[in-house]
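Those sequence lines, one after another, are chains A and B. Taken in order, the first sequence gives residues 355 to 508; the numbers are from the numbering used here. Taken in order, the second sequence gives residues 2 to 449; the numbers are from the numbering used here.
Please keep in mind that the hints were generated in silico from the structure rather than gathered at the bench. Hints may be right or wrong, so weigh each one.
[Unchecked claim] Each pair of labels, with its calculated beta carbon distance range:
1. A:504 / B:220: 36 to 42 Å
2. B:90 / A:361: 37 to 43 Å
3. B:196 / A:475: 53 to 59 Å
4. A:462 / B:268: 22 to 28 Å
5. B:209 / A:392: 53 to 59 Å
6. A:471 / B:96: 35 to 41 Å
7. B:220 / A:392: 47 to 53 Å
No residue lacks a Cβ here, since even glycine has one placed at the ideal position from N, Cα and C.
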Amino acid sequence: MDINELKDIIKLGVSMVVATRDAQMRPDICDGAGINISSDASKMTIFLVQQRATRTLANIENNSSIAVSMSRPPTYAAAQIKGRVTRVRPVDPTEQPIAQECATAFQREIQLIGVTREAAMGLRLVPDIAVDVSIENIFIQTPGPKAGQSMGSP
Amino acid sequence: MSIKLAQLDCCFEGVIPSTIATCSQDGTPNASYLSHVYRVDEKHVATSFQFFNRTRANLMENPYAAIRVRHPVNLQSYRLRTKYVRSEDQGPVFDQMSVKMDVIAAYEGMGSIFKLKAVDIYEVLEIEQEEGETDYHPPMTDCPSESREDLELLRVISDKMNQVMSLEELFDQSMQLLNRYLGWTHMILLLADEDEKLLVTHASFGYAVGGVGAEVKWGEGLIGLCAEHRRLLQVNAMAEVFRYAKAVKLGVSSEALTPRIPLPGLTNPASQVAAPIKAHGEFIGVLAVESETKRNWGPRDQLFLSTITNMLGVGISALEAKGRAMKVASQQDSHTLKEQNPILRVRYVPGDDFIFVNDQYLIKNIPARILWYLLQTFSKSGRSEFSNMELRAEKSLNLPEIKDNLETRLILLRKRLEEQASAIRLVSSGRGKFRLEVSGRLDFSSGE
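All chains, please: the whole structure from these sequences, using the hints.
As C-alpha cells, this is what we get:
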C-alpha cells in the first residue's frame with residue numbers, strides 16, 4: 355500500500371476509529387465522521403460529531419497525541435495515521451461536502467458487508483468539529499505479513 | 002455498571018469488527034481493529050492474541066484499553082473501558098477462541114497464520130452506550146431473549162419430540178419442528194462413526210438433494226471441527242469472516258479419493274452453526290444449521306440449538322437402547338416376491354466395504370454388509386422378512402459388540418435406497434422387523 359492507495363481507500367469509504375489518551379495515559383476511542391488528507395499526506399483533517407467525541411476532545415485539549423485507523427470494511431484494507439493535533443475548530447461549510455462524500459461512501463460500503471440499508475442510512479454522520487492533524491507516521495494495518503510496517507513519514 | 006456485559010452478547014459475534022484503543026508508556030495512542038472479542042463472564046472480556054503488534058506491546062506497558070463494539074442490527078455502539086489483567090494460553094476461554102481460529106483456518110487454509118498464541122483477558126471497568134448515534138431503532142428480538150414464550154416454545158418442541166416412536170421419526174420430526182417454530186430452513190443431522198472418525202448424514206431438511214450417507218471426516222470444515230472439539234461452533238456473517246475465500250463449502254474438500262455422496266449444503270451460505278449431539282458423556286453426532294440470508298446465531302439460537310441437540314442425544318440413545326433390548330422373536334416369513342425384470346446388478350467390494358447397485362455407488366461399511374447379506378439371503382432362500390435380532394446375531398456382518406447402532410444404520414441404508422429410487426426397498430413390518438422388497442432380477446458380483 356502506498357499513499358495513493360491509501361487515498362483511494364479513503365475515497366471508496368472507510369470505517370474510521372480515533373484513539374486519544376488522557377493525562378493518566380488512559381486511552382479513549384471514538385468514530386471519525388470523515389477525513390480530508392492533504393495531497394502530500396503531511397496533514398489531514400478529521401471530522402467528528404461533538405456529542406460523541408466529548409472525551410476525545412478533552413484528551414486532545416490535554417495533549418495533542420492522536421492515532422486514526424482506517425479500514426475499508428469489505429476488504430479489511432487498513433492503515434493507521436499517527437500525529438499531533440494542531441487545531442480544533444468548527445467544520446467549515448466548504449468542508450461539509452467532503453464529509454458528506456465520506457459518509458455516503460461509508461454507508462455504501464457497510465451495506466456490502468451485510469448491514470441493512472435502513473441501519474446504514476440511520477447513522478448520524480454529519481460532523482460539527484474539525485480536527486487538524488500534522489501527520490508523523492503512517493502504518494499499514496491490513497492483516498498479513500506487512501501489518502504494522504511503516505509507510506513512512508511525510 | 003448499568004449496562005450488563007451479557008446484554009451485549011450479540012455485539013461480540015464478529016459481524017461488525019470491534020475496535021480497540023491503547024496507549025504506550027510514552028503516551029502515543031494506538032487504534033486497531035479486533036478480529037474477536039469474547040465475553041468471559043459478567044466482568045471480563047477476552048481478545049485473541051495471534052500476532053505481536055502495537056496493541057499488544059502497549060498492553061504490556063500500560064494495561065488500560067478502550068474497546069468499542071457494535072450491535073450488528075441497529076449499529077448502536079458501546080464503549081468498554083477495560084484493564085488488561087492477564088493472558089491465558091490454555092483453559093476454557095483459550096480453547097473456545099482457539100476453536101474459532103481453527104474454523105477460520107479450516108476455510109482459509111491458513112492454519113499457521115490464524116494460530117492462537119493466547120487470549121488476553123480484560124476486566125471491564127465501565128460500559129457506555131454511544132448516545133445520538135443512530136436514528137434506526139428496530140425492535141430487537143434476537144439479543145438477548147428472556148421471554149416466557151421461549152420456554153413455552155421449548156416445552157412444545159420437547160413434547161412433540163417426546164412422542165416419536167422411532168429414530169427415523171425423531172430425526173425428521175426434530176428438524177421439522179425447528180423449521181416450524183424457529184424458522185430454520187436448512188439443516189443436516191449426522192451421526193458419528195467413532196471407529197472411522199467420521200460423521201455420516203442420516204437426515205437433512207431444506208435441500209433439493211437429501212444427501213443421506215454423505216460423510217464428513219472429523220476435523221473437516223465446521224461440522225468436522227464440531228465433532229472433533231465436541232462443541233457448538235458457528236460462523237456468522239460468513240462473507241465478512243471469509244472474504245478471501247472464493248468458494249465456501251460446508252464440510253468437505255472437493256478431493257474425493259473414494260466414491261462419495263455429496264454433502265447437502267448451500268452454495269453461498271451466509272452463516273452456519275454446528276452443535277454436537279451428546280448423551281451420557283458420549284458423542285453421538287452433529288446437527289448443523291445454515292442460512293442463505295444474513296442472520297446471526299445469537300445467544301437465543303444457541304440456547305435453542307444446544308437444548309434441542311441435548312434432547313436429540315437422549316432420544317437417540319433411548320431409542321437405540323430400546324431397539325437392542327427388544328426380544329422380538331424373529332418370525333421368518335417365507336413370503337417370496339416374484340422376481341421380475343429388469344436385472345439389478347449388485348456389486349460388493351469387500352476390501353473397501355462398498356456396495357454398488359447398477360454401477361452406482363450406494364453405501365459402504367456396515368450398511369453395505371447388511372444389504373449384501375439381505376440380498377444374498379433373499380436370493381438363496383427367497384426369504385424377505387428380517388429382524389434386527391437376526392442381524393445382530395449374524396457374525397458375517399461383524400457388528401460392534403458393545404454399541405452397534407444397528408437401528409441408525411438401517412435407517413441410513415433405507416434412506417439411501419429411497420434416494421437412489423432403487424428397485425430395492427426396506428419396509429418396516431413391525432417393531433424390530435422389516436421386509437426386503439426387490440423389484441428385479443438380482444445379478445451379483447463381488448470384488449474390485
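Each hint, compared with the structure:
Take residue 504 of chain A and residue 220 of chain B: their Cβ atoms lie about 39 Å apart, and the range 36 to 42 Å holds. Taking the beta carbon of each, residue 90 of chain B and residue 361 of chain A are about 41 Å apart, inside 37 to 43 Å as hinted. The hinted range of 53 to 59 Å is satisfied by residue 196 of chain B and residue 475 of chain A, whose Cβ atoms lie roughly 56 Å apart. About 26 Å separates the C-beta atoms of residue 462 of chain A and residue 268 of chain B, a value consistent with the hinted range of 22 to 28 Å.
In this structure, residue 209 of chain B and residue 392 of chain A meet the distance hint of 53 to 59 Å, their C-beta atoms being roughly 57 Å apart. Judged by the Cβ atoms, the range 35 to 41 Å given for residue 471 of chain A and residue 96 of chain B holds: they are separated by roughly 39 Å. A hinted range of 47 to 53 Å holds for the C-beta pair residue 220 of chain B and residue 392 of chain A, which are about 52 Å apart.
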